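For the sequence shown, my numbering assigns the number 574 to the last residue and increments by one with no breaks.
It is worth saying that the hints were derived from the structure and are not from the lab. Misleading hints may appear alongside valid ones.
[What the hints assert, rightly or not] Straight line, CA to CA, 20 Å or less: simulated SDA-like cross-link-like pairs of lysine to any residue:
#1 Lys534 <-> Asp486
#2 Lys534 <-> Ala485
#3 Lys545 <-> Thr493
#4 Lys534 <-> Ala491
#5 Lys545 <-> Ala485
#6 Lys534 <-> Leu510
#7 Lys534 <-> Glu505
#8 Lys534 <-> Leu488
#9 Lys534 <-> Asp520
#10 Lys534 <-> Ala564
#11 Lys534 <-> Arg497
#12 Lys534 <-> Gly511
#13 Lys545 <-> Arg497
#14 Lys534 <-> Ala484
Bear in mind that the values here come from a model prediction, so they are computed numbers and not experimental data.
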Amino acid sequence: MSFDAQQLDSVLLIGAVVMLAAILAVRLSVRVGLPSLLVYLFMGVLLGEAGAGIGFEDANVAHALGFAALVLILAEGGLTTHWGEIRTAMPMGVALATLGVSVSVGVVAGGAHYLLGMDWQTAVLLGAVTSPTDAAAVFSVLRRVPLPRRLTGTLEAESGLNDAPTVLLVSLVSSGTALEHGVLGFVGIVLYELTLGVVGGLAVGFGGAWVMRRVALPSSGLYPIAVLALTVLAYAGMAALHASGFAAVYTAALVLGNSELPHRGPTRSFAEGVAWLAQIGLFVMLGLLVSPGRITWNHVLMAVMAGLLLTFVARPLSVLACSWASQMSVREQLFVSWAGLRGAVPIVLTTIPLAAAVDRSAEIFDIVFVMVVIYTLLTGPTLPLMARVLGVVRRNEPRDLEVEAAPLERVAADLLQVAITRRSRLHGVEVGELRLPLGASVSLVVRDGQTLVPDERTVLRKGDDLLIVTPRKLREATETRLRAVSQRGRLADWLDVQGPPT
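Put together the whole structure using the sequences plus the hints.
Structure representation (structure tokens):
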């Protein structure tokens with residue numbers, strides 16, 4: 073298949089328009105209280121065969137791109153999650169991601185088999201693909217509703233952890249491996265892959281953090297790229313070892329995001345931007361994959377029945393089974409049950425049986441697509457109201473302190489690092505004698521591995537490292553003054569001396 077420059081221009085034009093429209097749609101979705109995924113899916117449907125006529129039916133490509141997008145989304149989830157906010161909720165999150173998923177799969181599969189007349193493989197696939205929740209969908213409508221940290225931590229931990237076991241379950245059922253090994257063998261495979269994935273993620277996370285703290289990269293823009301590359305490495309490495317890559321990428325990202333790394337703020341912002349790009353592309357692609365003409369009223373009826381079973385039976389039973397030993401109140405259990413929004417993951421998971429050409433896989437895709445749309449429309453806008461009705465809103469919920477490595481972008485300032493070498497005439501000069509431009513200041517002196525906060529009388533020495541904060545508009549003048557004093561001494565005039573300050 074040939075691809076010329078003119079076609080590339082058309083693709084870039086369409087892509088840019090779709091991206092800008094999707095970004096504007098985020099504001100609209102926040103105003104009306106809907107998860108943005110519905111807007112993106114609708115855009116994909118409009119661009120597809122029922123609208124603009126763009127054909128896309130390759131399940132293998134959709135499966136590969138969907139997994140790639142999920143890797144980036146999970147990486148962002150781990151990098152932006154504060155361990156302090158989910159630490160106490162982690163046991164409940166792990167329980168919901170394992171026991172809760174099992175209960176949900178069992179209830180939905182049983183209902184699909186006995187009520188909808190599906191064979192067991194199709195029923196289990198339907199139960200498995202609909203079991204994972206999506207915290208991004210929940211928080212997109214709850215970002216303005218203050219909730220107790222225990223609830224937000226539980227929902228966040230659950231969504232980050234439940235993707236891995238459900239991906240394994242759907243993959244094994246689609247390939248028939250689950251039936252070959254029996255129940256015990258299947259459970260053993262899942263536990264092995266999850267455990268190895270978590271261990272691999274921890275190794276990459278802690279090892280990567282150790283390296284990043286000791287390597288000085290030539291540009292601050294390389295740090296976010298390196299961190300994101302480490303998370304992708306965790307996924308790919310563990311997947312190559314037949315372990316859970318999704319467990320690895322989330323674990324590695326969680327460790328890296330909570331390590332004392334340089335430029336943590338820009339790294340999180342970069343990861344968030346990449347995740348938004350992945351989400352927009354993912355949902356638009358899934359919308360393109362939908363064939364509205366293939367969806368019948370029978371599919372809609374089965375989607376409604378499966379959704380009712382999932383929302384009012386499977387999800388509450390999952391929460392009840394996992395929270396009986398916790399301190400979660402009945403009101404909080406009811407809210408967590410209602411907050412089990414489904415988002416990108418269930419639709420992406422349906423591409424696994426589609427790519428494997430499993431019987432009735434197209435039917436599962438259509439049912440899940442309709443179910444996600446209907447029940448997101450139902451539960452999404454009602455979440456804030458449900459939080460208030462159940463009385464779980466906290467007006468004065470304490471927040472963790474946000475600490476950034478170099479948060480100077482908001483004040484349009486730069487942080488300069490100046491090393492005083494043996495030949496520099498900065499040696500013996502007092503900080504006050506530098507006469508830096510008004511607004512620039514020497515904030516810290518690193519001497520012999522120790523740090524000290526200087527005053528006007530602090531004498532600089534050879535081997536010192538200075539950290540100087542300067543307004544961006546005064547950076548050039550500050551560097552000029554430092555070069556002058558470095559080459560001429562404390563009595564230097566304001567000369568335009570060339571070269572770096574040393």
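Worksheet item: When the hints from earlier in the document are held up against this structure, which numbers fail?
Response: 1, 2, 3, 6, 12, 13 and 14
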